[in-house]
Amino acid sequence: MSMYVDMILGGVFHAAVVFLVAAGLQLVFGVQKIVNLACGSFYALGAYFGITAVAGAAAMGLPSVVVLPVLLAAGLAIGLIGLPVERLLRTVYRRDESHQLLLTFGLLLVFQDVMRFLWGPTPLTLDNAYLAYGTAEFAGVRVPTYNLLVIAASIAIAAGLGLFLQRTRTGRIIRATAENREMSEGLGVNSNRVFAAVFTVGCMLGTVGGALVVPASAASLEMSVELVVEAFAVVVIGGLGSMRGAMAGALIVGLIRAVAIMVLPEAEILSIYVVVIAVLILRPAGLFGKAMA
Amino acid sequence: MNLNRRSVLRGIGAAGLSASMPGVFAPAIAQSKPVRIGILAPRSGAMGTVGECGIRAVQWAADRMNKDGGIAGRPVELVFEEETSPKDTIERFRRLVLQEKVDCVQGLISTGVSMGVAPVAEEEQALLIMWDGTTQDGVKEAMPDARYVFRSTDNECEAVMSSLLSVKYFGNKIKRVAGINPDYSYGRNNWEAFRQILTRAGVQYEVVAEQWPKVGTMDLTSHIAALKAAKPDFIFSSMLFADLPVFMKQGSAAGLFEGVNLALPAAGWQLNQLKKSFMPENIVFGHNTLYFALPDASPLQKAFVEDYMERYQQAPHWEADRAYFALAAYKAGTEAAAKATGRWPKLDEIIDAIPRQEVQSLGGPGRFRADKIAEQVFYQGLSTNDNAYDFPTLRTVNAYTADQLQKPPGMDFWEWLKTAKLPV
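Protein chains in written order, with full-length UniProt numbering: chain X, 1 to 293; chain R, 1 to 424.
Hints are supplied without guarantee of correctness; some may be wrong.
Now the stretches of chain X that chain R is said to cover, found in silico as 3 or more residues with beta-carbon under 8 Å [claimed, not checked]:
no.	segment
1	2 to 10
2	122 to 130
3	248 to 261
Just so you know, the hints here were simulated from the structure itself, not pulled from any lab data.
Don't be surprised by glycine CBs; every beta carbon is placed ideally from N, CA and C.
Chain X extracted, bound-state conformation (with noise of 0.2 Å):
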């Protein structure tokens, strides 16, 4: 039994992350219809200040136990510079996809030279920030406390996004934006700021993502890329712009993947890959997404 426990919460921690990565991506897509290659960027940006905030942090004197919100705090800080970015993709929107693609890949590839020259080009740790926390029992199943605060965290963020999108005025005007921008412009809408606020939040999804990681893992230059290929594995499981695709995918990609690491190891990236394709092949919008003519 605790077999399968210990299996199932590496799955869902690994899902944890991944979905506030292609949440972000989602959210972007559904509102500005722009395939946001530059969000692994956002969460290795993430990564990397969320280890400059912990150290500030410590250089201040604060305690260890502070290491969640500061990264939350750092995450969110640092997601701001969706607002410029979103500037520079203004001059793209109403041009080719492809245009928006280079773009935004031109960008992840100019972050990354950014991230080294700031950070430097090798892997950074927080050494002891993931025991600040120590651990937990959980189904009689020893697990770092820090793995489950992470869960907790992205699963309040993705209802505090929902409650956001369906509940307020300003997630309606978002959600008629995203289903008609001329419409809601006629309406008065000013597609401008929803579009920056809408891109902002997508790139602070990623930036926390990151910095939520980083005490169990490491910053590295190379995260920015490996994430994007999971992340679009998960929206292609999910659906193109569906957040409770985003949800549905990070969660199946993170259990195949523990089922397989478990399993049969050799197919830890074959296992999600043969899901995309069927996915593909048998329902090519994904499970939450809508057809497109």
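Since chain X is already given, all that's left is putting chain R on it; use the hints.
This is chain R only, laid out in the frame that chain X set:
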């Protein structure tokens, strides 16, 4: 940044050397023209920390040599390029040789890259002395008759030594073995070597789990869950990049190491990142060819370690030794050839002279065999956290020479493993 990618850092102060003391050969052959050494080393990515340590060491070595008269009276000048993918590194190698006109290229850590660059060195007839790269296709030597390419010790040396020490220290306590190794030939061959040595030593064990994360996997929680489920009493891992500290941190937090012994043959590469807070003790801990805290270290090692730790606030690892060894071997070969000829030697004379030289490197004495594969001293032992650092040191230090750990020229590794007279 361009500066990091393709920068040419002409670093070492040839200036001032003219005022320095003349070397042994200076009266006969001193020239003002520097000896140009091209350095190809990773500066980013998973191997960034490793390359950085080697670069620091080769700069230290060149500085020291220049203060002492350079190489046969000529100052040393380093020209840096980055080791990245095989294709790009080959281009940079050609640039160093054809445009920068360096006298020798040194560096290379990844065997995947070395395998690509080595044939080009032969084709260009350019001297290449590798730090950590080999021309092994798996465990088989792919270039047994290389003329211009000097290679590091075989990749399996550290795994053979860790396996032997696992038998020595844990022997028949080993019953349920799990492996988590990087998913490429290095990890696969190390794991197989470990198993074969246990079998040869008569250890009655069963393999309860094998995990093969790809290099750079930073979320290992599911791998750790799989290892925990297998309930091993011994874990062998030849992970060696930034994923090793992540594995130890996540494994420690998940309680994986309770009642489990470990062998980490290549842990020394990540020494500074392996913090005591998540490192259990009594690990078979590999430092390869440089153990920074060696109790009876040479004055050379002591001077280097002191300078390095003071300047970088970190302990140096074996890549420093490999970088130093490559430059020292070139210097020794060149000076021997110069002494024999009474002039600045030709490339062929240097190449012929290098394998005959015994070199005092940072980690101890070393040499190149006639087939141009290095033989150096390896250090491993059981770890302890009882020290003044925030990472483990060795409680017991074992030192084996490479001739005890690597196959002789021309021999199949697996055959050698079955029949070799091993030190344990």
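Verification of the supplied hints:
1. 2 to 10: holds (count 6)
2. 122 to 130: Answer holds; 6 residues pass the 8 Å Cβ test.
3. 248 to 261: Contact hint for the segment 248 to 261 of chain X vs chain R: holds, 3 residues under 8 Å.
In summary, this structure violates none of the numbered hints.
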